[in-house]
Amino acid sequence: MSASNLFMKPGFVRAPLQNGVGRYVCQLQRVVLKFCKTHGASRGLRDFIEQDLVEFAKGNPGVVVYLKPRRHRGPVVVAEYLNGERIWMNMHNKTHSEITKWIETLRTQQGDVSATRLRKYQYTAYPSIQGPWSPFTFREPELNTAELPDVKFGENNRLPTSATEQLRLLFERQRLGDGQEKTAE
Amino acid sequence: MAMIRAGLQRFASVFGNGQGGILSKFITNLAPVENKSLPETTKDVIATCNKLAKEQASRNFAIVHLLGKQWRVTDGDLLVVEGYWPPNIGDEIRLDKVLLAGTKDFSLIGRPLVQSGLVDVTATIISKGLSHTRTHFKKKRRKQFMRVNFQRAQQTILRINSVEIGDKINEAPNNAF
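Chains as they are written, first to last, in UniProt numbering: chain A, 1 to 185; chain B, 1 to 177.
The shape of chain B in the complex, shown without the other chains (with noise of 0.2 Å):
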């Protein structure tokens, strides 16, 4: 009795659609690409993230490249860009290049930046001077060499003025590149 049922076990495997079976093949749960649409769930969570975006629920913060430098930055903050940098002091520039960006509640993940036209942040030039004198001192012991070089960068002190993100997350992003 024991041997039949475990036989009828394996057979009913054998056609069932659990994995490994023959139906298997003809059933998928993967629906094709063009045709899938936004889950439910997907749609509030955008729809959410819209209304805080807008009611400016909390702090936003958002991560922008500047010169080869990744930087947080939130309303506020003071930047230091080294080297030479064209902008000169009371200019108001946008930082574009956003990779990240987010509240307390969310993030916006960039693959690399997020699209043009949703987040803004707007800074202005402060300062414009030069570092303290750095000294580069080399010697080689017992070889009678020495090396003393002084040197002084460009120091460029930003104040960022605003990060935004648009209550647009979502949409069709406006190609401004």
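Chain A on its own, in the form it takes in the complex (with noise of 0.2 Å):
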């Protein structure tokens, strides 16, 4: 699913019930593992539920874990969270390690992060504090009252001087200079 997909929903971050203002909640609530006792392709699973499930369910006091096994079926993990989003994960043929690391991911994220594209990276509810910047932010107050068009607001200082402003410049000094040297004479 690519950002150009009809079916990909655009979103903004979002947290949900302000988490991790005052205190941090977890949002997983509950996982419940499916898997068959007989066939391969829930090896992985009966794997991981004998070897790291105890600890996983020590580790996380507030997420519910239930075991479900049903004959001649798919391995599947299924996550439930705060927020009401659920996903569904098939874990057909997928190694211990797998399912590890796709279990740790399902425990720390909010929801169904991946079923949105975000289009901001941050959010905030306060996009400006000192003031959006505007054309006049820091400008002389002498300008709310001058008549305008006025020769001292309208004049064009931002551009460097010509070389051939700065020619008549030194040529006119230089006469002033001259016509001062007679006089002084």
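Just so you know, these hints were derived from the structure itself, not from any lab.
Using N, Cα and C, we set each Cβ at its ideal position, and we do this for glycine too.
Any given hint could be a false lead.
Computed beta-carbon distance windows for the label pairs [claimed, not checked]:
#1 B:Ser116 to A:Arg70: 52 to 60 Å
#2 A:Ser128 to B:Leu113: 19 to 27 Å
#3 B:Ser116 to A:Met8: 36 to 44 Å
#4 A:His92 to B:Arg152: 13 to 21 Å
When the alpha-carbon atoms are kept at most 20 Å apart in a straight line, the in silico SDA-like pairs for lysine to any residue are as follows [said to hold, decoys possible]:
#5 A:Lys120 to B:Leu66
#6 A:Lys120 to B:Glu82
#7 A:Lys101 to B:Gly83
#8 A:Lys120 to B:Val80
#9 B:Lys43 to B:Pro173
#10 A:Lys101 to B:Thr133
#11 B:Lys104 to A:Ala125
#12 A:Lys101 to B:Asn88
#13 B:Lys104 to A:Thr137
#14 B:Lys104 to A:Phe136
#15 A:Lys101 to B:Pro86
#16 A:Lys9 to B:Val80
#17 A:Lys120 to B:Gly68
#18 B:Lys69 to A:Tyr123
Combine the two chains into a complex, taking the hints into account.
Here it is, written out as structure tokens:
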């Protein structure tokens, strides 16, 4: 699903229930591990259940873990979150380490993050604190009462002096100096 | 008469303190750097800024450097950091690389960083997940070449808890780094 996909809905960064403002609450509420006791496709999930599941449940007292053995059905992990979202994930032929990583991802994310394309990577309720800039910010207040067009405000003093202008100024200064010398003699 | 007056003016201008006069070589407006003390107005400005920082008169903001990007943050912001980043959910971290900090009335500009211990930006990791699947589609026409690659990046969501400016502007820094 790319950004141009019709079914990929765009969205903005949000956190459910002001999470993290006062304290942090783990958003994962429930995990259901569905597997078959005999089929080879469930082997990785069975390994995970045998070796890591007790540790996982102890480490996350806020997460309810269900096991659901089903005869001759594929292995599946379903995660449910505080904001009501539900992620269904097929674990067919996945190895033990892969399943460990996926379940860690399911635990740490807040809801179905990957279902939306983020349009902005930052959210702020206060876009500007010192006020947005405008062309009149930090200008002289004199400008408010000036009658426009005005020579003072209309002059173009932003460009550097051109070579021709510099030569002209030099010439005029010289001529002025000549006149003074003549008067001094 | 006019000639004499002009001559006198010229003579006076040679010895005057104005630009280009002979005496200007001996008289200088610039005090040596070692003896330079803060002018009264500067002290007043710093004292006012310290007072504003202490009173917390308005909302603070800061520009922090985080994983090669610069973010303008204020209290309660959410940031999404892409790529591998070790902090895990629930961790509370302090963002130390502050490039600029400010309130409504003043700004502290770092060169390049604001001195350590002056500005305190804290954040909590909220979520660590994967982005949506991005498709990298490459095709060259009439060359029998096409590649479709899919990738998902790690995304960490941060909540900015506080941006605090201490009321010790212009005090000697404690060299934490």
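Checklist entry - Does the structure break any of the earlier hints, and which numbers would those be? => result Of the numbered hints, all hold.
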